[in-house]
Structures are given as structure tokens and as C-alpha cells.
Amino acid sequence: MTTTSATAHLPRARRRAARMPRLVNAELLKLRKRRGLVLVTFALTVLPIIIAYVVLVALHAAEPAKHGPAGGLENFSGSLYMLAQLGVVAAVLIGATAGAGDIGSGVFRELVVTGRSRFALFAARLPAAFGLALAAAWAGFALTAVASTALAG
Amino acid sequence: MSIDARANGRKADAPAFVVETSGLTKRFGDRVAVDDVDLRVPRGSAFGYLGPNGAGKTTLIRMLLGLTSVTSGTMRLLGRPVPAERAAALARVGAIVEEPRFHSHLTGRENLTVIAAAREPEAHARIDGALARTGLSQRADERVKRYSLGMRQRLGVARSLLADPELLILDEPTNGLDPAGIREFRNMIRGFVAEGRTVLLSSHLLDEVEKICDAVAIVDRGRVVMQGPIAELARGGEETILIATSDEERALALLGENRAVASAVAEANGIRVRLRPEVKAEPAADDLGRRLVLAGLAIRRFEPARASLEQRFLDITSRLEEAA
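These protein sequence lines are chains S and A, in that order. With this note's numbering applied, the first sequence covers 8 to 160. With this note's numbering applied, the second sequence covers 834 to 1157.
One chain only, chain S, in its complex shape (with noise of 0.2 Å):
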């Protein structure tokens, strides 16, 4: 038995499927290389959880009688409010980046010559954007949960 290439007889839809996770992952690549963009995307969504259970936390241990424990379905439910008000932010700010970072760089004109459609570049952005801020947004979402758990008293 010979071997060939996998993708040499692929059909063209099934390549250009096969070329699409590529396309996410440069895109990806991209995003989570800004360190300025990570931190602050982390800020906005790890960041105050954690500020909030440590007050929490401070209050309960000042004054438990009029503060009731740090975690508990109640806080929980605050902290979500906070992460999705913050991970908006957070989410538009990735979005920005990941839709003008080719543009602002110069760099579309260079994967426009590769002979890729424009649609195909732009479409890339979408799942790279919302990988980087799920990933943060889960962050937040489990330190929450596991705060809330650890802490209801």
C-alpha cells in the first residue's frame, strides 16, 4: 500500500473545511499573544471575583453577625452579575483587537494575497474572539463557583 498525501485528494469543500481550524488557531495565536489584551481581559473577569470574596471574606470575619458567610447561593449570583457587566467589557475589547488588528498592522493586504477570500478571513475572527473570551469568562465563572462553594459557611 502507497501513501499520499491526506490532503492532496481531498475534495474542495472538505479542504477548505480542513483549512478553516487553521485559519482559528493563527487567529488565536494572535489574540492570546497580546499580553496586554490577556491581562487586561483577566482583570476584568478573574480579577474582581477575587477582590470580591477576599472583602467578602473581611466583612464576614469582622462581623459575622450582621455579615453572613462569604459564599452561598446569594453571593453567587451577585458575583455572576458582575462577571457578565465586566465580561462584556472585556468581550468588546477582544472583539476590537481580533477585528482590527489585521487592518491596523497591514497585515490583511499580505493573507488577502495568499489567494484566501476576504470572507474566509473575516469569518476566522468570530470563534478565535469568542475562544479567548469564553476562556476568560469561564475563568471567572469558576473561581465563582468554587468561592461561593468553599465559602457558604
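Rather than coming from a laboratory, the hints here were simulated on the basis of the structure. Bear in mind the structure is a predicted one, so any value in this text is a computation, not a measurement. Using N, Cα and C, we set each Cβ at its ideal position, and we do this for glycine too. Watch out, some of these pointers could steer you wrong.
Stated by the list, open to error - Some, not all, of what chain S presents toward chain A, calculated at C-beta under 7 Å: (1) R29; (2) I110; (3) S112; (4) L118; (5) T121.
We have chain S; now place chain A onto it with these hints.
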């Protein structure tokens, strides 16, 4: 296929011209940037697209690459009609348009990864080869913002090589390079041609085009005013010989009587003799030399005068300016 193996991989039925345009025109409002251009770039050559700044060189390249639309006319890249089969045509085309641009927060290798993702899957396997070929392997993992202009230009070439290109389109590639960088670039381009690739080089630097290219199209105000092999264009259809003898006046008289001579003009370093276009240059020159010697003149200099492309270019463009 490896980057170096392309020369042996040519299809026998590959078209003779890698770029063919017919009546290609681009207008920006009332201004005509590219005017009815018929261009033919032969396969396996270094082809210069030469013209002064603002002549429409970059606009033509942008049209070929699908970066801007065409007002009228047709074009084919690697035998495929563009824009109808743009994606297939550009799959084997590497290009640098104006200054190569990169994501400065990514490393050289990551920038190539981004472009490879937009190309065929095999492009990823060419990244290391392309970096090695352009001498960037050692600094491939540094961020591009730390690269010098010369390194960015080389990274631009490395990026073009990811397509394993049959055609490389380079727009003013030596802009901003120092003399050593220019020489290195020149050698690199000649190396690509030696592998069987075609290089279309746009430039306003006459000397550069003359040193790198085999053939050239001279463009002025959007129009191709002349195209062909450089040696032919520089000669302009006339053979010229520089002759210095012991007696210039007698030599001038003898040359003036000769039917093969179109003109003989005394200059500081001898007599510039232009042969008639219809005569065969070598026998005519032999005959001239023989006659001068037989007339008892000592010949101190007898050599074909190579008109530079620059001279020819300036002749053509100044003629056009006068006509306008």
C-alpha cells in the same frame, strides 16, 4: 515539495508567460493610473517593471494580486484568468507589496505560521526551510518589532516562499536596504530564477533592474512604453562602437565615407560610431577596423559602447515628455 526542488517540478504544459495582461486599465476618477497595459512576463526569468515614482507600478501589482479592482482589460496569472480563478492562481504566487507588514508582537516564525494557515496545509512544513533560506533561522523566535528593515524584507521573502511560488512579485524590494543588503537581495533573486521560478520586480532603480533582470518593461504615466530583453532595449536597435586612433580627423573622414556608418561623432574619449540598424554589426565592425589600419592609423581603442539602460530609459521618458 521542498522549497529548493521546484526547478525540477515544472509541468511540461506550463504556459510560456506567467503574467499576461491585455488592455489593462485602472482609473481613479479622472486620473488614469494604469493605461491600456499589455504585459507579458516570460516564465523562468527575472522581469523588471521599471518606471519613475507615480508611474502606476504598484497599482498594476495590486490589480494582479486582487487587492484592487480593474477598470477594464484582462489578465492571466500562471495561465489562469484573474479574478475568475484568483485563488488557484495566487496559490503559487508569492508577493511583497510595498513595505512588507507584520504583526510586530509576534515572532518571525509566528508571523509565518499565521500566513501558512491561510495557505495549503503543506505551507507549514515550509516555514523552517523559508527561514533558513533567508538567513533568519537564528532570530526566528524574536519578536518582529526587534527586526531591522533588512530582516523584515527577508522575512517578507520567507513569507512569499511559503507558497513554493512559481512566480514571485516583488514591489520595490530593495527600498531602504544598505548596499550590502541590496547585494544580498540581488543574489537571492538570481538564486530563485536559477531554480526555475519567475521574479517580477517592480522598481524605479534603473541600476538595480539592470543588474538583476533579464527582461524589462519600461512604464511611464501608466503606459508600458517598451518591453523586451534588457540588452536589446539598452542597445535600442543600434550598434555603437567607440574608436580612438592616432589621427582623429582622418579617422572621422574615413568613417564618414563608410556605408555601414550612420553617424560618427568625436567625443572626449574617442569617436562614437553608430552603425546603421540594417547592417550586421560584427562584419561591419571588422571592416571598419581593417580600413582604419590599412589607412595607416594606429588604433588605440576599439570597443562596442554599451548604452546603459539608464541612458535608454532617460531617452525614452524625455522623448515622451517632449511629445506631451
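These are the hints, each one checked on the structure:
1. For S/R29, the interface hint holds, the least distance from its beta-carbon to any beta-carbon of chain A being 4 Å, beneath 7 Å.
2. Against a cut-off of 7 Å between C-beta atoms, the interface hint on S/I110 is violated, since the closest Cβ of chain A lies about 10 Å away.
3. Annotation: S/S112 was flagged as interfacial toward chain A, and the flag holds, the nearest CB pair being 5 Å apart, inside 7 Å.
4. For the restraint placing S/L118 at the interface with chain A, the shortest Cβ-Cβ distance is roughly 5 Å, inside the 7 Å limit, so the hint holds.
5. Evaluation of the S/T121 hint against chain A yields a held restraint, the C-beta minimum of about 4 Å falling below 7 Å.
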